[in-house]
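J.: Residue numbers (the UniProt record's numbering), protein chains in the order written: chain F, 1 to 200; chain C, 1 to 267.
Be careful, since some hints might not be right.
Unchecked claim - Capping the alpha-carbon separation at 20 Å, the derived lysine to aspartate or glutamate pairs in EDC-like fashion look like this: (1) C:K181 x F:E189; (2) F:K46 x C:E163; (3) C:K215 x F:E171; (4) F:K180 x C:D184; (5) C:K181 x F:D188; (6) F:K8 x F:E118; (7) C:K215 x F:D188; (8) C:K166 x F:E171; (9) C:K181 x F:E171; (10) F:K180 x C:E163; (11) C:K215 x F:E196; (12) C:K181 x F:E196; (13) F:K180 x C:E122; (14) C:K167 x F:E192; (15) C:K166 x F:E189.
Just so you know, these hints were derived from the structure itself, not from any lab.
Keep in mind that this is a model prediction, so the values were computed, not measured.
Next come the chains, spelled out residue by residue.
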Amino acid sequence: MITVALTKGRLFKDFIKYMEENNLNDYIGALTGETRSLYTVVDNVKFIFAKGPDVPTYVESGVADIGIVGSDIITEDEFNILNVSQLPFGDCHFSVAALPGQESFNTIATKYTNVAFEHFKNKKKDVSLVHLNGSVELAPLLGLSDAIVDIVQTGGTLQDNGLIEYEKIMEIHARLIANKRTFYTKEDEIYEFLQEIGVV
Amino acid sequence: MKNELIMNRLKFAQDYTQLLDREGYQLIDMNMAEPFQIDDKRHHSSTIIFEKNEQLFSIRSDWTRSLLNYNENYYLSHRFFGYFGPVVRNYKTFYQAGVELYGPTEAEVLKSIDMHLSFIEERNGREFRSIVVNDDKLLDLYIEKYELDAGVRRLVYEKNLSELRKKLGGEHPLYILMTAKVSDQIHLVNEEFGKTDIMQFLNHLNGYLEKYNMKFILDLSFRSPQSYYNGFYFQVFLNHDYPLLSGGEYNSSAFGIAVNLSNGGLL
């Protein structure tokens, strides 16, 4: 049996849609059932549902053999995992956004301080970073920062708060990650799952 | 801590050091406070450093590094050493056991791996599941043969199949190798580089360990967490969780094996 860590957020809906397109009906039935359980088992695969940032932690420790996670999470923090493959869903991007007419960015509010630090370091810009846990669009509106670094999918949230994108930092996709030990010790089951979902 | 764990550790230490003594290894014990070397800190950032009488010292964090430093500073009359003892990383003490072989022949390396496997098999009475091996120089052979840029190295290390496909194309031999089941990789590498010294050694090892009836896996993504290993590297698994044995080649002419004494290891 292998364990696959999923997140119940935005990526989950995209993953279900991807499985529908690829006729993986056995998995869809079990994953979309009305239950508050944090795991479900389909044949030889146990799916666990975790918070997005915790998925790589489960995979790194070996509690989960495989994880499906946004590349934003494994870009922001380092994990000792195999970063196996981009998946064809969960597309969005990191951007620098601010109010229209903002001339310089000196203070940046973000949940992703490492991504923001690397971006401005590469541009040789000395900025102050303010870490927030969410709703970062508030920061420039209330004068806490000049700009934000955040994930942009459709741009709707920015628009609703009167912000515009200034710089696109990098693309984000869903990725399949794997544990560095069980990739070898459970290779048959893992390879079968990778084939089923079209990674190899 | 449970009494049983402490007694198991001491029993293991006795059995293991007796084995090494019988097989001609020089047993060593060293002071835990060592002269500070910046390289040790680079290899193990968790090494604790302290000052005494205006001199910097560190607390032993890795037996292999300690022995290597000793070997570089003093003349040693032996080539094979064995150890059992504590190390400290991030304020936490745990135990390491293992051997270091300086300038061994291929036969001596094979014999030492075999000695460890039969010792563990006798103690545990269970069959090994798999041995995973790699030699960092195999990727160099692919890079040289197909004139690849150094960026490929990182993608192979993290087994980034989607980026490898974008970079090399789906028909490239290195991409085909990396997407094959890991236990099939050895056949593909043998087709290309079977006559090289590296593959000859790995094939000898595969044959030598046949009696243990475990899966022999070669994977170019497989690497040691310790950066000083720079050639052949291996880990042996009894179950799915943690390796029981790990070891490899370092400093060009030295070879070490460590026994896992934590995380569900031998104890």
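J.: Could you grab the alpha-carbon distance between K181 (chain C) and E189 (chain F) and see if it respects the 20 Å cut-off?
T.: holds (11 Å)
J.: Regarding the pair K166 (chain C) and E189 (chain F), is the alpha-carbon distance no greater than 20 Å?
T.: Answer violated: K166 (chain C) to E189 (chain F) is near 26 Å, above 20 Å.
J.: Within a Cα-Cα threshold of 20 Å, do K8 (chain F) and E118 (chain F) meet the stated pairing?
T.: violated (29 Å)
J.: When you check the alpha-carbon spacing of K180 (chain F) and E122 (chain C), does it fall within 20 Å?
T.: Judged against 20 Å, a Cα distance of about 28 Å means the pair is violated.
J.: Are K180 (chain F) and E163 (chain C) close enough, with their CA atoms no more than 20 Å apart?
T.: holds (18 Å)
J.: Holds or violated: K181 (chain C) with D188 (chain F), Cα cutoff 20 Å?
T.: holds (8 Å)
J.: Under the criterion that the straight-line Cα-Cα distance not exceed 20 Å, is the pair K181 (chain C), E196 (chain F) satisfied?
T.: At roughly 14 Å apart (the allowed maximum being 20 Å), E196 (chain F) and K181 (chain C) satisfy the hint.
J.: Check the hint pairing K180 (chain F) with D184 (chain C) against an upper bound of 20 Å on the C-alpha distance.
T.: Judged against 20 Å, a Cα distance of about 18 Å means the pair holds.
J.: For a C-alpha distance cap of 20 Å, please report whether K46 (chain F) and E163 (chain C) respect it.
T.: Violated: K46 (chain F) and E163 (chain C) sit about 28 Å apart, past 20 Å.
J.: Can you confirm whether the C-alpha distance between K167 (chain C) and E192 (chain F) stays at or below 20 Å?
T.: violated (25 Å)
J.: Please verify whether K166 (chain C) and E171 (chain F) have alpha carbons no more than 20 Å apart.
T.: With Cα atoms ~15 Å apart, K166 (chain C) and E171 (chain F) stay inside 20 Å; holds.
J.: Within a Cα-Cα threshold of 20 Å, do K215 (chain C) and E196 (chain F) meet the stated pairing?
T.: violated (24 Å)
Going down the numbered hints, you'll see the structure goes against 2, 3, 6, 9, 11, 13, 14, 15, while the others check out.
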